[in-house]
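Student: Since the structure of chain U is provided, determine the placement of chain A on it from the hints.
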Amino acid sequence: MIEVQGLTKYYGRLAAIRDISFTVQTGSVVGFLGPNGAGKTTTMRILTCYSPPTSGTVKILGMDVASQSMSIRRNLGYLPENVPLYDWMRVHSYLQFVCRAKGVPSNRRSDEIARVSNAVGLIDVMGKLVKWLSKGYRQRLGLAQALIGDPPIIILDEPTIGLDPRQIREIRSLIKGLAKDKTVILSTHILPEVSQICDRVIIINKGSLVAEDTPANLLAAKGKSLRCSVTVRVNEKDLKNLVFEIPGVVSANPGVSGIEGVSMLTVESEPGFEVRSRIARAIVEKGWDLLELKSIDFSLEDVFIDLITEETGESVSGENSDQKEVA
Amino acid sequence: MSGFVAVFKKEIANYFVSPIAYSVIAMFLLISGFFFWANLSVMSLISLQAANDPMISQRINLTDVVIRPLTQNMSIVLLFLTPLLTMRLFSEEKKTGAIELLLTYPISDLSVVMGKYCAAILVLLAMLLGTLSYPIMLWRFGGIDTGVFLTGYLGLIMMGAAFVGLGIFVSLMTENQIIAAALSFGLALMFWIISWTSSFVGQTAGAVLKQLSILERLESFHKGVISLADVSFFILFSAFFIFLSLRSLESLRWRG
Numbered sequence: 001m002i003e004v005q006g007l008t009k010y011y012g013r014l015a016a017i018r019d020i021s022f023t024v025q026t027g028s029v030v031g032f033l034g035p036n037g038a039g040k041t042t043t044m045r046i047l048t049c050y051s052p053p054t055s056g057t058v059k060i061l062g063m064d065v066a067s068q069s070m071s072i073r074r075n076l077g078y079l080p081e082n083v084p085l086y087d088w089m090r091v092h093s094y095l096q097f098v099c100r101a102k103g104v105p106s107n108r109r110s111d112e113i114a115r116v117s118n119a120v121g122l123i124d125v126m127g128k129l130v131k132w133l134s135k136g137y138r139q140r141l142g143l144a145q146a147l148i149g150d151p152p153i154i155i156l157d158e159p160t161i162g163l164d165p166r167q168i169r170e171i172r173s174l175i176k177g178l179a180k181d182k183t184v185i186l187s188t189h190i191l192p193e194v195s196q197i198c199d200r201v202i203i204i205n206k207g208s209l210v211a212e213d214t215p216a217n218l219l220a221a222k223g224k225s226l227r228c229s230v231t232v233r234v235n236e237k238d239l240k241n242l243v244f245e246i247p248g249v250v251s252a253n254p255g256v257s258g259i260e261g262v263s264m265l266t267v268e269s270e271p272g273f274e275v276r277s278r279i280a281r282a283i284v285e286k287g288w289d290l291l292e293l294k295s296i297d298f299s300l301e302d303v304f305i306d307l308i309t310e311e312t313g314e315s316v317s318g319e320n321s322d323q324k325e326v327a
Numbered sequence: 328m329s330g331f332v333a334v335f336k337k338e339i340a341n342y343f344v345s346p347i348a349y350s351v352i353a354m355f356l357l358i359s360g361f362f363f364w365a366n367l368s369v370m371s372l373i374s375l376q377a378a379n380d381p382m383i384s385q386r387i388n389l390t391d392v393v394i395r396p397l398t399q400n401m402s403i404v405l406l407f408l409t410p411l412l413t414m415r416l417f418s419e420e421k422k423t424g425a426i427e428l429l430l431t432y433p434i435s436d437l438s439v440v441m442g443k444y445c446a447a448i449l450v451l452l453a454m455l456l457g458t459l460s461y462p463i464m465l466w467r468f469g470g471i472d473t474g475v476f477l478t479g480y481l482g483l484i485m486m487g488a489a490f491v492g493l494g495i496f497v498s499l500m501t502e503n504q505i506i507a508a509a510l511s512f513g514l515a516l517m518f519w520i521i522s523w524t525s526s527f528v529g530q531t532a533g534a535v536l537k538q539l540s541i542l543e544r545l546e547s548f549h550k551g552v553i554s555l556a557d558v559s560f561f562i563l564f565s566a567f568f569i570f571l572s573l574r575s576l577e578s579l580r581w582r583g
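Each protein sequence line maps, in turn, to chains U and A.
Heads up, the first sequence is in my numbering, so the first residue is 1 and it goes up one at a time.
Heads up, the second sequence is in my numbering, so the first residue is 328 and it goes up one at a time.
One or more hints might be untrue.
Computed list of lysine to aspartate or glutamate pairs in DMTMM-like fashion (alpha-carbon distance at most 20 angstroms, straight line) [as the list claims (entries may be wrong)]:
| hint | chain 1 | residue 1 | chain 2 | residue 2 |
| --- | --- | --- | --- | --- |
| 1 | A | Lys422 | U | Glu212 |
| 2 | A | Lys421 | U | Asp306 |
| 3 | U | Lys131 | A | Glu419 |
| 4 | U | Lys59 | U | Glu270 |
| 5 | A | Lys422 | U | Asp87 |
| 6 | A | Lys421 | U | Glu81 |
| 7 | A | Lys336 | U | Asp87 |
| 8 | U | Lys131 | A | Glu338 |
I should point out that these hints are in silico values taken from the structure, not numbers from a laboratory.
Just chain U, same shape as in the assembly:
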């Protein structure tokens, strides 16, 4: 179990993270999300006892990172973002070094190396120099070193970055398998990955926590508002004007219809406003050809974008969006 209370870290006068609190239960996989520079890596570095916090407390398995760092490090596997390995070592020697560094008894080292190399699929490259490994194998080796010693806490910074789709699937299923008896925190930019493998999601932005919940609950909260796509044979400006006359419409973002004279808009409405029927009626009353009208499900990506833009006060849908308030 990981308990974080009021975690703050300053670099000089700059606050990298501010008053972050969350709890991660044993046996769960938690996705750590946030835009670049949000403070994810800083938080992970504190959790892994690499860097001390300016204030706040972090307890891992009931031990404090400030006073029981060494005990925590014995129970922790960490994969940093850029997978820093020793290029001059062979894969087997590197894993032996990690076994020694993590205090794995010498009579168990061969078994431990065999276990992790099997788990992440390194068997074919055990005799290779690390510098000759492909990006995918480097990532696997990084993951293997994190798993050595069978630590109950695993912290992974972008574990599937640079892998091909087949490798991504394998690593995801490996991480899911780990969650049976371990606590896993992973940071990623691949949001579908979070939906697939994480039990909970922690979203931070500009050093502050903006959401902490299950992916389903986050989607449900977002899902109260509605979104649909409408394709009509009319120019875009007229279609937008018509759509914004309908009560409850929040935004209308142009899409690409691919047909000349045909416009496509993605319309988002406030919670409780079912606008599809009104849009259809208004278009028919205008005598335009309604080519398509369909509802669109929200993804975790939409939730993520919403949360981080709410925080910064930026436009929800970027430069191309038109919002009713500003239209």
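Tutor: Chain A only, in chain U's frame:
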């Protein structure tokens, strides 16, 4: 302890997997071999002259003409080559980011620093071991003062260990190995020649500078004397820079 062994073995492997240790040891043996040959040639020349003058032959010996100048010359060669042994110890890991991973393993900062320190000392000892054949050859055929030979080598080991401590601290300061080598050499040279200014900086300051001078501290070892003050100086010198390295690691963590 297993953390210390892990770092120590890794560093030793790095020295001998890469050409660093081989090149530095080869250069050291080449240059010290040249000095040995040159000193021996001088001895040979003086011996020829001494054959006609019994007074000279009573005063010359292998220790004064070959061994003492050899250990003095080797100390200068070490001044140049030790930074090459220490330049990558931390700077390489800082550059690649591997330091982050290393410092999250259950290894104390002291074990990390000492593992690297002892690995560099071992390479230093290997360098000196290679030169032992010279005095042993003389001892076998000509007879030398064993005391002077042993204290000369002890002085080299203590000075080398002090420079390794200094070099480790400097390599923690930068990600660039060339800068680490240049700074280590510059600082070591400063400690070497610092007493040269002692005659014109005032009596007290001059005395302090003399105390800090490695050249002055080595003098007694070359003469065959083991002074507690000099041994303590070199131990404290190493300990001071190991302490600074630990503080520097701590600072690195805070800046994390």
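Student: Given the hint that Lys422/A pairs with Asp87/U, test it: the Cα-Cα distance must not exceed 20 angstroms.
Tutor: 13 angstroms, holds
Student: Within 20 angstroms, alpha carbon to alpha carbon, are Lys59/U and Glu270/U?
Tutor: 41 angstroms, violated
Student: Holds or violated: are the alpha carbons of Lys422/A and Glu212/U at most 20 angstroms from each other?
Tutor: With a Cα-Cα distance of about 35 angstroms, the restraint between Lys422/A and Glu212/U is violated, given a limit of 20 angstroms.
Student: For Lys421/A and Asp306/U, compute the direct alpha-carbon distance and say whether it is at most 20 angstroms.
Tutor: 37 angstroms, violated
Student: CA of Lys131/U to CA of Glu419/A, is that 20 angstroms or under?
Tutor: 15 angstroms, holds
Student: Just to be careful, I want the Cα atoms of Lys131/U and Glu338/A compared with a cutoff of 20 angstroms; is the pair within it?
Tutor: Measuring from Cα to Cα gives roughly 17 angstroms; hence the hint holds.
Student: Take the C-alpha atoms of Lys336/A and Asp87/U, compute the straight-line distance between them, and say whether it is at most 20 angstroms.
Tutor: 16 angstroms, holds
Student: For a C-alpha distance cap of 20 angstroms, please report whether Lys421/A and Glu81/U respect it.
Tutor: OK: Lys421/A and Glu81/U at ~15 angstroms, within 20 angstroms.
In this structure, the hints that do not hold are numbers 1, 2, 4, in rising order.
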